[in-house]
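Starting from the given sequences, assemble the full structure and let the hints guide the process.
Residue numbers (the working numbering), protein chains in the order written: chain A, 6 to 297; chain B, 204 to 422.
Do not take every clue at face value.
[As the list claims (entries may be wrong)] Simulated restraints on C-beta separations:
#1 A/Arg290 x B/Leu258: 38 to 46 Å
#2 B/Gln284 x A/Leu9: 54 to 62 Å
#3 B/His346 x A/Asp269: 55 to 63 Å
#4 B/Lys396 x A/Gly8: 49 to 57 Å
#5 A/Asp232 x B/Arg242: 54 to 62 Å
[Said to hold, decoys possible] Residues of chain A placed beyond 10 Å of chain B at every Cβ, according to the derived structure:
#6 Arg86
#7 Arg187
#8 Gly216
#9 Glu218
#10 Arg228
Read the hints as simulated data drawn from the structure, not as lab findings. Note that CB positions come from ideal geometry on N, CA and C, so glycine has one too.
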Amino acid sequence: MHGLLRHFTGSGPVLTDGAWGTQLAARGLPPGNCPDAWNLSRPDAVEEVARAYVEAGSQIILTNTFRANRIALAGTELADRCAAINRAGVEISRRAAGGKAAVFASMGPSGKLLLTGEVTFDELRDAFQEQASSLAAAGAEGLVVETMADAREARAAIEAARTTGLAVIGCMVFDSGKLHDRTLMGDTPEVVARKLTEAGADAIGANCGQGVEQYVEVCGRLRDATDLPIWIKPNAGLPEIVDGEVRYRTTPADFAAAAERLVDAGANFVGGCCGTNPEFVAALRSRLHARQ
Amino acid sequence: MNDESDLLATIAQGVVHLDVAVVRTSVESAVREGISPFRIVAEGLSQGMRTVGALFRDGELFMPEVLVACDTYYAGLQLVQPLIEKDNGRIAKGKIVLGTIHGDIHTVGKDVAIPVFRAAGFDVVDLGTDVADEAFVEAVRQHQPDIVGLGTYMTSTFMHTNQTVEALERAGLRGQVKVICGGPAVDVRAALKLGADGATDNAWEGVQIMEAWMAEVRE
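Okay, here's the thing in structure tokens:
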């Protein structure tokens, strides 16, 4: 196991952070605008989100760099600013962490499909390599390849991330199939565990796509399929649109109660994805604290 | 079941079973039998895609199979497309300018919906993904469509709908087009509130909505 992850997991479940995109939207990021751009234009707002997670008890916070690879940003005015966005993202989170939390940097998907040939594996790996290098140079302590729908794309990102020597977490979305236990491409938790382990991930897991209840089984199956640490960040349920606004119905208390079952199922790192906020992290912290 | 409907059902099944060879030979047979190219597309190829869409929604199929089904569909479509283009009597049901909304870079939903719209008889201008509001405005000026289609995969980008609609309004173009939202994240009531005229997560339902709009126009 990677030394940093061994250090973290040695004393029970580790609390990560919650959503960033929905938190930035709550601070005025217009729908459809790239959240990562705010690392340069509204660093104050991004730091506010990061700081709120640290104050809520996150032991690891991520960075606002989910989309900052050159394939995802191609054709936008941000295309030639990937390095600056990634650097600023790590610096913002490090300032907010102030030594009280570790900073693991987020690497999301390219938005392109390998299957249709609109991007090649080498193109993906090069773009992720560039992002991973920027994040590492800025002082990230780990890299989180997250919200991946295709294990081959996850492999490209994990391989690129590994070259930095940092701890690398690989996470897929499980929201497809009759039982919502498969990736968009049809991979089961067992297949994902094998593929991401082969790719060289130091920890594997699941994030986004589903609520916490639905990820308990996925978590258990990942646990049975690997000896690596498990990282899980579910949504606050599924988004609903009420009166023209996006709402997530799961409350922080409900989320925290259900998240305990994730820990029972073998999760080593727990946090939240879309719709969660610092209140969810605080509720989770209380629950996890009460267990110890 | 008569020979024609057997043949059309074989084409549809060929798409569902991802069998390019069956689709090609049965489409060629259908053409030889004199079945109209529009029936081959609507009742054969597109019916197959409709089943594929339902199986995907129910979790029976996954994205790789859907993409192969699209290829299978296009393999059949290639054989009848020249016949459709030769058909001088054809009048398009309407013209759609369509793209994935600003901020959303997903291509698959749009790429699956477009053949369905074309098969249903609509002319489709594909603007691509992450389409800026100004690009929709420019495309409406240039192509003079009846309908603007805003695709989105994500709830967050769906909420951008009102800004695209407002851009059309500012340009004085809103009155000449209907706006439809499509994709798994859309919600009909929210779409109407955001200024669209309709919304659906189902391409076939989208065809029905748009056909009804075009019927209104003709009246």
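Given the range 38 to 46 Å, decide if the beta-carbon distance of A/Arg290 to B/Leu258 lies inside it.
holds (43 Å)
Would you assess whether A/Arg86, listed as outside the interface, keeps its beta-carbon beyond 10 Å of every beta-carbon in chain B?
The assertion about A/Arg86 holds, with a minimum of 16 Å to chain B.
Assessment of proposed distance window 54 to 62 Å (beta carbons of B/Gln284, A/Leu9)
holds (57 Å)
Distance restraint evaluation - B/Lys396, A/Gly8, Cβ atoms, bounds 49 to 57 Å
holds (52 Å)
Could you let me know if the closest chain B CB is still more than 10 Å away from the CB of A/Arg187?
Answer for A/Arg187: violated, closest chain B Cβ roughly 7 Å.
Beyond 10 Å from every chain B Cβ: check whether that's true for A/Gly216.
holds (14 Å)
Okay, A/Asp232 versus B/Arg242 on CB: inside 54 to 62 Å?
holds (58 Å)
Quick check for students: does the CB of A/Arg228 sit more than 10 Å from each CB in chain B?
It holds; A/Arg228 is separated from chain B by about 23 Å at its closest Cβ, greater than 10 Å.
Lying within 55 to 63 Å: is that true of the beta-carbon distance B/His346 to A/Asp269?
Holds, at about 57 Å.
Is the Cβ of A/Glu218 farther than 10 Å from every Cβ of chain B?
holds (18 Å)
Going down the numbered hints, you'll see the structure goes against just number 7.
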